[in-house]
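Visitor: Top line first, the protein sequences correspond to chains A and B. Okay, so the first sequence: first residue is 1 according to our numbering, each after it adds one. Okay, so the second sequence: first residue is 1 according to our numbering, each after it adds one.
Derived by calculation from the structure, the hints in this document are not laboratory data. Mixed in with the good hints there might be a few duds.
[Claimed, not checked] Computed list of lysine-lysine pairs in DSSO-like fashion (alpha-carbon distance at most 30 angstroms, straight line):
#	chain 1	residue 1	chain 2	residue 2
1	A	168	A	61
2	A	222	B	109
3	A	36	B	109
4	B	199	B	326
5	A	279	A	297
6	A	222	A	137
7	A	168	A	222
8	A	137	B	109
9	A	168	B	109
10	B	109	A	61
11	A	137	A	61
All values reported here derive from a predicted model rather than from experimental measurement.
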Amino acid sequence: MPTDQLSGARLLELYRTMVLSRHLDERVWLLNRQGKAAIAASAQGHEAAQVACVEATDPSKDHYLIYYRQFTAMIALGTEPEEMLRGFLAKEADPMSAARQFPLHGAHPRVDLFNFSNVIATQLPQAAGVALADRLKGSDAVTIVYFGDGASSQGDTHEAMNFAGVHKLPVIFFCENNRYAISVPLEKQMGIESVASRAAGYGFPGVQVDGTDVVAVHEATKAAVERARAGDGPTLIEAAVERLLPHTTDDDHTRYRSADDIARMAERDPIRILSDLLKRRDLLSVDEDEEIHSLAKQRVNVATDAVDAEPYPGTETMFDHVVDISTYDSGGNS
Amino acid sequence: MPELTVIEAVRETMQAEMRRDETVIVLGEDVGNRGGVFLATDGLIEEFGESRVIDTPLAESSICGVALGAAVNGMRPVAEIQFADFVWPAINQLVGEASKVRYGTNGAKTAPMTIRVPYGGGVRGGLYHSQSIEVLFAHTPGLSVVAPATPYDAKGLLASAIRANDPVIVLEHKRTYRLVKGEVPAESYTIPIGKAEIKRPGSDLTIVTYGLMLHYALNAAEMAAENGIDVEILDLRTLRPLDADAIAESASRTGKALIVQEDTPAVSISSEVAAIIGERCFFDLDGPITRLGPPELPPMPFSPVQEAAFMPSPEKILTAIMKLAKI
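Here chain B stands alone, though its shape is the one from the complex (with noise of 0.2 angstroms):
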């Protein structure tokens, strides 16, 4: 089986679902002959052309706008935004007009679309190019949000997206692009999206991430390891709707749980997890639900002596994990 980086698995992925099916465009800015930014959309333009990889002016909105109108009017479009410091201005076309196009017209309309979005920090983006963006969008009914933090989970998330019939915000983490790499199966495949993924098993706590504290928390499990501490991982993969029942079911057999996010803590990812395990554990549990992120400031300072002091690392994930298990 090849081995891909994730960015490889991304680009795979989007160049067999346009043979697969005539109505998917690529558009977005640099997305044509130079590829993306991150080159994600590499030599799309070459085998489909201008008409379907489509180099758009710099204006988020108009690039999800567009991409909306073009799927309620058959096609399937699979938009980028550069960085997702950039999706603000793009916020309404999605959060107020896409989420609402099928409950607001009873069913009569859809908008299969998918918005690709790199996001996340630990790559000297400073303020502007390493935010997490993911809370407003899951925050969303009507919407779908996938963070795959593997080559194998993004090539099945993301034909899963570009395949289902409403708009899905596809979370792809720069820092994982060309640091991940794993075997990916040549044939196509799709993985459910709301389906969490247990990572590594374990019986003595539970960590609940997602994304590039993926890879952080199985490097800490390691280090847990020596130290006689047994670590399950439960990879959320989607973020919305969140897979309650194997967080529940995970917490439950473990009896602790370790919530482990990027993102800011406060009206996030792990408040919603914490709260899930809160409401359907209580019984089950014998430590408090832990959260572990980065400190309430604006993400994420552009010093790299600042930048890993706010990033979450397996060396303080190790902490949390020995502090937890020692209760």
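Bound conformation, chain A alone (with noise of 0.2 angstroms):
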């Protein structure tokens, strides 16, 4: 699936996914004002960075271990709108959690994507773990692994690369930097410029690469790929994003931004910034580009009337899936 450039088909389908997201991102919003939805992380302003990344990748056999903000990259993974907002609204057919978790957390039902935990950057130490089992299966697989630059000042952000490293795992640490860890701005999270300089502490490339453009971060993340296919193990990329929204919609950013920070914002918005280029290019018309709008919105429209209307899950399944304990009495796997 990936090919050697973005075709301009190409480009103009990652626009629609883009857009559709951002549609599904206030949507969520707009449920959590309504008392809806208890909590959601908005993806605005990454969704450049996480749709050029996926398709750079093998959906059919790659790992994707993703935090609180992968919006985008979820629906560029297939998830529908309707699978989405089910765990937004903590709803029974949830796929991921069946809503045991916050929403985006738990398992895909489709592809091999997974988000244990709320905890910043465990999932960093176990996406080596995924990597050095693809290894002893021979399996070809590469490891997708997120974090934010909040991650980066964790302690598994460091045992993972360094790991790794180590052993040359077919990992690709992908950070989306957008420079705030909640309220704790980069130069509070760090003594150095950029979190992909990091990469040289443990043996292995990081890249710096603007998060806004597609173009660009599937062309950086094509060339990991390659690398980690080709047994030469991790890289680390940098995607410089910002984030539009504050933290969550339980956080207000005007109390630690200044209003000229967040309105400087607007001009690195990635749907703004890639219209403007289809448009250039002449792949997207003005029209065109409203019906997109349009048909996003509506997706959405349907979406959230269907799970709207979905029940909750009752008391009867809390108690399933805590241990499997028919394998406790005689090693049930034999």
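Put the complex together from the two separate chains, hints included.
Guide: The structure is reproduced here in structure tokens:
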């Protein structure tokens, strides 16, 4: 599925995914304000980085360890708006965790995408383990693990990169750097300029890329995927993105970001940037752009109406799947 | 039947399970050419190679996090934490993460991983090579915790842990490694997780215990027998899930319960066992539920005098037996 370069048709398709993600994201925020969605973390501003990264991978065999802001990556990997909304609205049919977990947490029903935890950076050592298992199985699958700039401060990030570097594991450490760990700015997270420069300490390449640039992120990820599949080891990609909204629906970024800072972000809105690019290349007209937005909004409306009416899980299933005690008696996997 | 030490039983079991199932891998600090600091993995790297016997960087969180990731992707990792005292950096990957994989994915993902943790004192280990760390794991739904005290149980419970489809913490008492010998069948067998065992039948009083204290309790019971007291000893073997039926059955039958542990008593395994007996055996008891453990101090002083004063001993257990038996 990845081509050498993104064709015009693929660029347009990625744009459609980003626009759908944006409308769904806006809807979830609205549902929170209506008291229906308890919590949401927005991907607004991260869409290009996520969609372009996924485009460079192979969902039929690769593994995706996401974190809570991976809205667009999940849609790019084929998650339907209804499935996403079931998580946000804590419905029984939530395919990720049957509403045991926060939205976007659990395991995906079709691709190998999972997100066990709200604890920052725990997924990084787990990603190294997933990749280690692939090596033992003789698979050429690649493991992509997503995290934010805040996660780069965690000890698990160091331990994971060190382990992956030692064993030259097929892992892509994909950092979406929006410069804020909730309210704490990058300069209070690290004494260096970039997350990517840390890769030097682990013996693999670190690449900085403009995370609003679909083409650049795709190229960087594709190179990392090829390197990993060839057995040459990990890559750390740092995609510079904007967090257009507060950390979550429970946050208020005006408490710690200046009005100027917030206003300036609009210039780096990846949807506007890709829309402009497509128009410059005559791949998209103003009318067609409006139609893409209109269709996305309709899609989200249909999904919202359907899922809003669905039931919450009852108490009859809450005791399921704690441990499989059938294997405790005599080695049930024999 | 061959007689093995606990450490030999552990080693043979890992070797047998690795031969039986190629998805079983071993990882940890010094598990390769060194064969583990206690020699639990001695010889495994020669037979199974570096790909399945993995010397990790000195970083416990990634040992457990990597094991978790590998388990989710089709392996059955057996991770070794060199000393229980060093497990704290990995608590998040075990208590926070591994315990919730099945529940948090509604059964879609599982983590069949074993964490072997040498624990316990009486080995001149001081504050950081003596700790008992079972309570935090035993408190956690989604984890199982076994604490075999004999070579036979070590083999059967470790095999069960490796074959189980969920994370199991295997606590191996360091002092039992070479101190305790016993007959172990050469062939493969498993012991059910969650089943206690009466190691000494008796009629006057029940001691509930586990780990090294099982052996101290057996010594004390022999001394008590000379004083005409017939002590029953129930070895918990599994700390989560506790075998509440076996605990209640024995305590109800003898009417007196003494719980002996090496861990400090406040909010501990003995607290839980006492609660079970209180809830289920109240009308069958003819003496107070009694607990014997060390003082509430950070375990445990390096000084040999203070270490001995800290640790429960057969003599201290005998004193507790005689006091309870005379009520």
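Visitor: When the structure is checked against the list of hints, which entries are broken? Sort them ascending.
Guide: The structure conflicts with no hint, since it agrees with every one listed earlier.
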